[in-house]
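Participant: This is what each chain is made of:
Protein chains: 4
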Amino acid sequence: MAVRIKTILGVSGSPRKDGNVDKLLQIALKEAARTQNIKTEIVYLRDYKIENCNSCFACCTDAALDKEFPCLSFNDDMNLLYPKLAECDGLIIGSPVFFGSVTAQLKAFMDRTEGLLRYSKSKWKYSLSNKVGAGLAVGGNRNGGQEFTLQTIHYFYFVHNMIVVGTGPELTPGCYLGACGTTFPEKGKVREAILKDDLGLKSAKMIGRRVVEVIQLLGR
Amino acid sequence: MAVRIKTILGVSGSPRKDGNVDKLLQIALKEAARTQNIKTEIVYLRDYKIENCNSCFACCTDAALDKEFPCLSFNDDMNLLYPKLAECDGLIIGSPVFFGSVTAQLKAFMDRTEGLLRYSKSKWKYSLSNKVGAGLAVGGNRNGGQEFTLQTIHYFYFVHNMIVVGTGPELTPGCYLGACGTTFPEKGKVREAILKDDLGLKSAKMIGRRVVEVIQLLGR
Amino acid sequence: MAVRIKTILGVSGSPRKDGNVDKLLQIALKEAARTQNIKTEIVYLRDYKIENCNSCFACCTDAALDKEFPCLSFNDDMNLLYPKLAECDGLIIGSPVFFGSVTAQLKAFMDRTEGLLRYSKSKWKYSLSNKVGAGLAVGGNRNGGQEFTLQTIHYFYFVHNMIVVGTGPELTPGCYLGACGTTFPEKGKVREAILKDDLGLKSAKMIGRRVVEVIQLLGR
Amino acid sequence: MAVRIKTILGVSGSPRKDGNVDKLLQIALKEAARTQNIKTEIVYLRDYKIENCNSCFACCTDAALDKEFPCLSFNDDMNLLYPKLAECDGLIIGSPVFFGSVTAQLKAFMDRTEGLLRYSKSKWKYSLSNKVGAGLAVGGNRNGGQEFTLQTIHYFYFVHNMIVVGTGPELTPGCYLGACGTTFPEKGKVREAILKDDLGLKSAKMIGRRVVEVIQLLGR
Chain A
1 MAVRIKTILG
11 VSGSPRKDGN
21 VDKLLQIALK
31 EAARTQNIKT
41 EIVYLRDYKI
51 ENCNSCFACC
61 TDAALDKEFP
71 CLSFNDDMNL
81 LYPKLAECDG
91 LIIGSPVFFG
101 SVTAQLKAFM
111 DRTEGLLRYS
121 KSKWKYSLSN
131 KVGAGLAVGG
141 NRNGGQEFTL
151 QTIHYFYFVH
161 NMIVVGTGPE
171 LTPGCYLGAC
181 GTTFPEKGKV
191 REAILKDDLG
201 LKSAKMIGRR
211 VVEVIQLLGR
Chain B
1 MAVRIKTILG
11 VSGSPRKDGN
21 VDKLLQIALK
31 EAARTQNIKT
41 EIVYLRDYKI
51 ENCNSCFACC
61 TDAALDKEFP
71 CLSFNDDMNL
81 LYPKLAECDG
91 LIIGSPVFFG
101 SVTAQLKAFM
111 DRTEGLLRYS
121 KSKWKYSLSN
131 KVGAGLAVGG
141 NRNGGQEFTL
151 QTIHYFYFVH
161 NMIVVGTGPE
171 LTPGCYLGAC
181 GTTFPEKGKV
191 REAILKDDLG
201 LKSAKMIGRR
211 VVEVIQLLGR
Chain C
1 MAVRIKTILG
11 VSGSPRKDGN
21 VDKLLQIALK
31 EAARTQNIKT
41 EIVYLRDYKI
51 ENCNSCFACC
61 TDAALDKEFP
71 CLSFNDDMNL
81 LYPKLAECDG
91 LIIGSPVFFG
101 SVTAQLKAFM
111 DRTEGLLRYS
121 KSKWKYSLSN
131 KVGAGLAVGG
141 NRNGGQEFTL
151 QTIHYFYFVH
161 NMIVVGTGPE
171 LTPGCYLGAC
181 GTTFPEKGKV
191 REAILKDDLG
201 LKSAKMIGRR
211 VVEVIQLLGR
Chain D
1 MAVRIKTILG
11 VSGSPRKDGN
21 VDKLLQIALK
31 EAARTQNIKT
41 EIVYLRDYKI
51 ENCNSCFACC
61 TDAALDKEFP
71 CLSFNDDMNL
81 LYPKLAECDG
91 LIIGSPVFFG
101 SVTAQLKAFM
111 DRTEGLLRYS
121 KSKWKYSLSN
131 KVGAGLAVGG
141 NRNGGQEFTL
151 QTIHYFYFVH
161 NMIVVGTGPE
171 LTPGCYLGAC
181 GTTFPEKGKV
191 REAILKDDLG
201 LKSAKMIGRR
211 VVEVIQLLGR
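Chains as they are written, first to last, in the working numbering: chain A, 1 to 220; chain B, 1 to 220; chain C, 1 to 220; chain D, 1 to 220.
No wet-lab data here; the hints were simulated from the structure. Mixed in with the good hints there might be a few duds.
Copies of the same chain look alike in the list, so a pair counts if it works inside one copy or between any two.
Derived pair list, reagent style DSSO-like, types lysine-lysine, alpha-carbon separation capped at 30 Å [said to hold, decoys possible]:
#1 Lys202 / Lys187
#2 Lys196 / Lys67
#3 Lys196 / Lys30
#4 Lys39 / Lys205
#5 Lys125 / Lys84
#6 Lys49 / Lys196
#7 Lys121 / Lys189
#8 Lys49 / Lys202
#9 Lys125 / Lys67
#10 Lys202 / Lys125
#11 Lys189 / Lys205
#12 Lys202 / Lys189
#13 Lys189 / Lys49
#14 Lys121 / Lys196
#15 Lys121 / Lys205
#16 Lys205 / Lys187
#17 Lys17 / Lys49
#18 Lys125 / Lys189
#19 Lys30 / Lys67
#20 Lys196 / Lys17
#21 Lys187 / Lys121
#22 Lys187 / Lys67
#23 Lys67 / Lys17
#24 Lys196 / Lys123
#25 Lys187 / Lys39
Since the model is a prediction, treat every value here as computed from it, not as a measurement.
All chains should be built: construct the whole structure from the sequences, respecting the hints.
Facilitator: Following this line, the structure appears as structure tokens:
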């Protein structure tokens, strides 16, 4: 019997190439990929041109019924991302902490998924429904908004009717809600800072394993 | 082949018998029980004598290894509740909103489950791991802390390594995070107030269905 | 003795001109302006071209020391907004709820204020310190993220060392955290929907009065 | 001219005498007391017998009009605490993190202040209105709920129409929202653990200074 390969998609909301969020997300996904039949991919939102949702609600009208993509206002790189969202089995979204929350870049990506929701009239409706989601956050301060950033990501998952998981069954000296790192005492600008954060590194591996675990429990 | 009956446990943190949280929780559980092979039970915490955790950490020491119950400090009615927690497949915790969060009564119950966590040395370790959890909140004001109360319940679930779900795939005019009602414009004291809150009633049914759905997806 | 005129700045993060957030924010500011010697102004972020922060941290280096504006990466319309932020005595930020949180447009504005923080090396350092802040949120669902959106705005205020206030001393059937409306049962697209939301309207007036009250208590 | 002495009240929600929350709170209050004309006091809730609010709402009825104390259901040690709350100028509430939030003991104290709210018919109405509040949290894990615990304390303050502040203008490697410590890598049970947490210690001093600063800005 053919075993279906399951995919976990990582989404980095960091504006900095090879920055600490990228690194931590790569570690999470690499850990997930250690399991047989799990394939992973990371998209770095800075590589995509994404307009801000203008709240036109066209995706929720009949105008969206027969369209190739859910968003009728913008024909931009979100059209490269919608299929990846629709096809994945699990989602790990990561962000640096900016003012206690996700980056504007990541929020723009989130806002543009309106056409994947229950309100959509497009064929993309429910694209993320019942998929497994976990979050990842890196802050320049130790307790500088990582929890709230993870909750922001979780809120996105709940709106999409996803199944939300934290860091799994192991001892969790880092964080329960998700992968959680800090660049402190290094400056946030230092691109290797996260590699010294043992708790952050551990929590990244934990969510990698956790998303795999729950995908498998779901028999997806 | 024998089909395993799955159980969803409701926990009411309301101090008021037959109050609005009780009613809404009953509606949620009744909706869940409409599915074949789903059994439900509600415990009303006000009927149980529950001491506050004194942070002795005995449950996390070898002293807990061979004990019947996880808590070594108190021999109280939590010992009636631990088995119910261990045996359920899904958990729906409900609370009135007190100062934006759960009641002290509910928090006392939560705090006393330390011995079910990963840190426990007792046989109750991981009792709630991988179970499905949803939340329910009723506030006297329209936006008076329901969301934060649901997040407080979710935090409890994440710490217990549970799988957290919201209100499901349907249109959600009420709340994404969980069942969410308000007694406004009636006074909170009015015991029938919630029955006039259509959105609250709908969201309660939705989480009942949602917890069943994810339990079934998990093949539990 | 000359009385100093105090200014309250409203910031609308809505992409929709004359939409429900605009209307509710106008009501809040109009209420504030009923007090003598209070001047108000609203900026609509959609009228400003604002790049996303690229996390260059230049504002936190010596390169920022002698510059006219805090951001060295972008010379865009934020340079019109920094002076308004620096000059106001109180700030009321409003957003429609998008996925439980503020819009990407609003987040972009927030992220670009890094150079006003304690980390800044520019003359804009501490521009918002000790100013009074309140939040405003409008959601398409009744309990659809308004609270969390207000907390997102509050987080921004806390990072800026501001003084954070809610809806004031009156009866608060709407929300304690801030002005909180819903367009339900109308569709979010309906531009007059908020005018039917009595609780939302009331809460908007309340934060208008509350910000004035605390500015006056501060003797600013 | 006589200078009015201003009082900052600390409230410890820890069940453990001389535990890490006590120590951190003492440091915060000691720092505050370094300012002339600032007096501080700490109450340790474990020393007080406090019943859980039974949601009788009597404090919001005419029955409360002429009573000495706001709560009509219980004549317990809250009656020793109401005057302290009414008399203070600033409030610093601290809690260990239990399941991501405050302890049940602390929540019981919070819930019993209903009669100090706008809904009260007692003479204690508005007792906390316009006072300055800051929070303090200590978690056994690094990012184990400290932020959410601080937000729980903030919610209480917002409901009471207080003025909410964070950690002040200094560099904040610890946390913006409030004083924030961790006993990690020591076990939570170790009573000296927090003394090794430099960031936690610093943030405690910072909120001590911050509450004083805003009390003085208010001219109280």
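Participant: For every hint, state whether the structure bears it out.
Facilitator: Hint-by-hint comparison with the structure:
{"no.": "1", "hint": "Lys202 / Lys187", "result": "both (21 Å within a copy, 18 Å between copies)"}
{"no.": "2", "hint": "Lys196 / Lys67", "result": "neither (48 Å within a copy, 34 Å between copies)"}
{"no.": "3", "hint": "Lys196 / Lys30", "result": "within (18 Å within a copy, 34 Å between copies)"}
{"no.": "4", "hint": "Lys39 / Lys205", "result": "within (15 Å within a copy, 37 Å between copies)"}
{"no.": "5", "hint": "Lys125 / Lys84", "result": "within (14 Å within a copy, 38 Å between copies)"}
{"no.": "6", "hint": "Lys49 / Lys196", "result": "neither (32 Å within a copy, 38 Å between copies)"}
{"no.": "7", "hint": "Lys121 / Lys189", "result": "between (43 Å within a copy, 15 Å between copies)"}
{"no.": "8", "hint": "Lys49 / Lys202", "result": "neither (32 Å within a copy, 39 Å between copies)"}
{"no.": "9", "hint": "Lys125 / Lys67", "result": "within (12 Å within a copy, 49 Å between copies)"}
{"no.": "10", "hint": "Lys202 / Lys125", "result": "between (35 Å within a copy, 21 Å between copies)"}
{"no.": "11", "hint": "Lys189 / Lys205", "result": "both (23 Å within a copy, 27 Å between copies)"}
{"no.": "12", "hint": "Lys202 / Lys189", "result": "both (21 Å within a copy, 23 Å between copies)"}
{"no.": "13", "hint": "Lys189 / Lys49", "result": "both (23 Å within a copy, 26 Å between copies)"}
{"no.": "14", "hint": "Lys121 / Lys196", "result": "between (47 Å within a copy, 27 Å between copies)"}
{"no.": "15", "hint": "Lys121 / Lys205", "result": "between (38 Å within a copy, 24 Å between copies)"}
{"no.": "16", "hint": "Lys205 / Lys187", "result": "both (23 Å within a copy, 23 Å between copies)"}
{"no.": "17", "hint": "Lys17 / Lys49", "result": "both (15 Å within a copy, 24 Å between copies)"}
{"no.": "18", "hint": "Lys125 / Lys189", "result": "between (39 Å within a copy, 19 Å between copies)"}
{"no.": "19", "hint": "Lys30 / Lys67", "result": "neither (35 Å within a copy, 40 Å between copies)"}
{"no.": "20", "hint": "Lys196 / Lys17", "result": "within (18 Å within a copy, 35 Å between copies)"}
{"no.": "21", "hint": "Lys187 / Lys121", "result": "between (46 Å within a copy, 15 Å between copies)"}
{"no.": "22", "hint": "Lys187 / Lys67", "result": "between (46 Å within a copy, 22 Å between copies)"}
{"no.": "23", "hint": "Lys67 / Lys17", "result": "between (34 Å within a copy, 27 Å between copies)"}
{"no.": "24", "hint": "Lys196 / Lys123", "result": "neither (45 Å within a copy, 33 Å between copies)"}
{"no.": "25", "hint": "Lys187 / Lys39", "result": "neither (33 Å within a copy, 38 Å between copies)"}
Taken one by one, the earlier hints fail for this structure at numbers 2, 6, 8, 19, 24 and 25, listed in ascending order.
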